[in-house]
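Q: Using the sequences and the accompanying hints, generate a full structural model.
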Amino acid sequence: MITVSDIHKSFGKVRALRGISFNAPDGKITGLLGPNGAGKSTALRVLYTVLKPDQGAATIDGIDVVADGLAARQRIGTLPHGAGLYPHLSARENIAYFATLCGLDKGIIDDKVSSIISLLDIDDFADRRTKGFSHGERTKVALARALVHDPQNIILDEPSNGLDVMATRSLRDLILKLKDAGRCILFSSHVMQEVAALCDDIVIIAHGKVAIDDSIEGIRSRTGCDDLEDAFVRAIHWVEPE
Amino acid sequence: MRPLLTVFAKEVLDNFRDRRTLISALVMGPLFGPMLFAFVINLSIERSLSDADSTMELQVIGAENAPNLIRYLESRNIEIVDGPATRDAAIEGVKAGTLDVVVIIPETFGSQLADGIPARIEVIADRANTQVERDARRARSALRAYSQELSTIRLVARGVSPLVMRAIDIDDVDVSTPSGRAGILLGMMSYFLIFALLMGGMYLAIDTTAGERERGSLEPLLSLPVTRDQLMLGKIAATCLFMSLSLLLSLCSFYVALKFMPFAQLGMTPNFGPAVVVAAFFILAPFILVGASIMTLVASFTKSYKEAQTWLSIVLVAPTLPILIVSILTLRPQLGFMFIPSLSQHLLLVDMVKNEPVNMLYVAVSVTSTLAIGALLTWICARLYRREGLLG
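Going down the list, the protein sequences come from chains A and B.
When we follow the numbering used here, the leftmost residue of the first sequence carries the number 1, and every step to the right adds one.
When we follow the numbering used here, the leftmost residue of the second sequence carries the number 243, and every step to the right adds one.
Since the hints were derived computationally from the structure, they do not count as laboratory data.
Mixed in with the good hints there might be a few duds.
Stated by the list, open to error - Examples of chain A residues toward chain B, derived with CB under 8 Å: (1) 48; (2) 97; (3) 108; (4) 109; (5) 145.
To be verified - With a straight-line cut-off of 20 Å between C-alpha atoms, the simulated DMTMM-like cross-links for lysine to aspartate or glutamate are: (6) A/52 x A/68; (7) B/337 x B/368; (8) A/28 x A/61; (9) A/131 x B/256; (10) A/179 x A/61; (11) A/13 x A/54; (12) A/28 x A/230; (13) A/179 x A/26; (14) A/52 x B/375; (15) A/13 x B/630; (16) A/131 x B/260; (17) A/52 x B/368; (18) A/131 x B/456; (19) A/179 x A/150; (20) A/106 x A/121; (21) B/337 x B/375; (22) A/179 x A/194; (23) A/106 x A/61.
The beta carbon of each residue, even a glycine, is placed where N, CA and C say it ideally should be.
A: Now the structure itself:
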């Protein structure tokens with residue numbers, strides 16, 4: 001369960017977030033949608049505590065991300081934008097490194113790593129060094145690394161970026177599986193169709209503010225557009241730029 | 243403690259697989275220094291030894307005017323060659339560098355000698371040309387010795403003791419030991435050791451911030467349930483390990499290299515046995531923390547891997563500055579110097595190589611102050627790692 005209330009964040013003169021609020025409940029998939037530069041990544045970075053909000057609060061399972069960042073990070077698995085791997089380590093070693101740092105018991109790490117490897121279907125290249133991996137292979141390993149400790153909350157920053165059709169499809173299946181397991185999934189995208197195909201709730205943001213936060217049906221009726229792309233374009237025009 | 247060890251173990255494994263780190267840590271630093279050192283020392287030893295033994299060619303104009311002098315010069319291993327035809331040609335030749343040294347014996351030489359007035363001989367050389375100046379010096383000193391010999395014969399012929407020409411007898415008493423003389427030459431060894439030490443951890447220090455960021459692995463790492471202090475300290479610990487490996491290998495390669503250098507011919511015996519190698523490691527070891535933290539600190543301000551490399555090459559040179567200043571001013575070791583990292587290690591090492599008693603107070607001050615400065619720099623690194631701007 002993730003809650004965000006009235007978060008502001010500026011970088012020098014640029015006001016990246018101007019008061020953002022939304023909730024991402026357990027057992028649901030929440031999509032964070034917005035054009036490039038809308039503030040999606042900044043919002044997610046505040047949630048996984050690498051950025052501190054100037055104002056406002058966010059909680060992960062009720063834990064404040066500013067007051068107790070360590071405990072909050074314990075409850076999330078993240079796939080940051082353009083996540084990189086260690087090229088001299090094999091995929092398995094990359095995943096095991098993160099599993100160990102997440103505090104998993106030594107005895108179960110090997111099993112956990114093996115099961116996430118087969119879940120994400122990366123057995124074929126699991127024991128190769130990641131140097132020279134394709135973008136899709138890298139993303140899969142990074143995803144495995146984020147999920148290896150069974151986090152309750154999963155934050156994915158544009159996970160399908162650069163993935164081919166097959167990889168996107170298996171990612172979608174995985175996200176649905178996690179939803180059925182009662183996890184809270186929050187992911188960002190700038191592709192309306194992708195979000196529509198997966199999400200229970202969609203938060204559209206533009207210029208650092210929430211334009212609309214509703215289910216797909218709700219968004220259709222409130223914007224008066226049947227076509228989701230039209231709805232998206234109309235909604236982001238509701239927000240005044242600075 | 244466990245995350246710190248995990249980070250440490252991963253960094254060690256990662257870097258042992260990285261050819262670039264391995265080459266700079268285990269090959270470049272440890273071998274390059276001793277080899278260059280051995281080369282320079284061998285060259286300078288050979289040049290200074292070859293002086294008196296080898297036969298030297300000397301261009302002479304008017305050799306027929308002084309047959310006795312020529313015979314004397316030949317007895318001193320100087321081979322006489324006919325010079326150019328005229329004095330002007332000789333001056334031109336020396337100026338242009340086609341001729342080394344030309345001695346001109348005028349026709350008047352014999353008659354001046356017979357009359358007892360100082361007989362004139364010209365030595366044409368270019369003092370700015372250090373290569374040739376050595377030969378010119380040898381020619382001059384041979385001529386001076388011949389003059390001395392003639393004077394002595396003249397005095398004896400007049401019934402005067404040649405001793406009247408020596409009012410004072412100067413006796414040089416050299417108290418230096420063979421090890422002490424070696425200390426002068428081996429003084430620069432400490433810099434090579436510090437250089438190798440820093441090289442060993444350079445790539446790890448860059449990787450801690452700029453490298454992780456450029457690869458895109460910093461953000462996932464920071465989003466793990468681990469404090470940033472633990473990440474930073476684990477990485478600095480791995481950097482320290484590589485630096486100590488580099489240092490240890492350098493000391494060993496110096497130990498081997500010194501065995502092949504002709505120190506005995508120079509009357510030097512460097513005190514650099516296995517015991518000194520071990521002691522030198524422990525004297526230099528505190529500097530590892532300073533090196534690791536200062537490199538990590540400098541790298542953390544840079545935006546990219548390339549930029550970090552540029553700045554760190556300056557850090558590689560920085561420790562020489564205090565050593566250089568003290569060497570130029572030829573200052574004796576004193577307590578104040580022991581507070582300065584790199585300088586204190588250099589001075590203590592030189593004392594050991596010279597086989598002089600090592601002042602234990604100096605060692606204590608050097609170790610504690612260097613460790614304290616290292617700890618302070620590490621603390622600053624950890625503070626900087628907590629910054630938001632770290633992500634760049």
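Q: Against this structure, judge whether each hint is valid.
A: Structure-based check of each hint:
no., hint, verdict
1, 48, "holds (4 Å)"
2, 97, "holds (5 Å)"
3, 108, "violated (15 Å)"
4, 109, "violated (11 Å)"
5, 145, "holds (7 Å)"
6, A/52 x A/68, "holds (12 Å)"
7, B/337 x B/368, "holds (7 Å)"
8, A/28 x A/61, "holds (14 Å)"
9, A/131 x B/256, "holds (12 Å)"
10, A/179 x A/61, "holds (16 Å)"
11, A/13 x A/54, "holds (13 Å)"
12, A/28 x A/230, "violated (25 Å)"
13, A/179 x A/26, "holds (8 Å)"
14, A/52 x B/375, "violated (71 Å)"
15, A/13 x B/630, "holds (16 Å)"
16, A/131 x B/260, "holds (11 Å)"
17, A/52 x B/368, "violated (72 Å)"
18, A/131 x B/456, "holds (15 Å)"
19, A/179 x A/150, "holds (13 Å)"
20, A/106 x A/121, "violated (23 Å)"
21, B/337 x B/375, "holds (13 Å)"
22, A/179 x A/194, "holds (16 Å)"
23, A/106 x A/61, "violated (26 Å)"
Checked against the numbered hints given earlier, this structure breaks hints 3, 4, 12, 14, 17, 20, 23; the rest are met.
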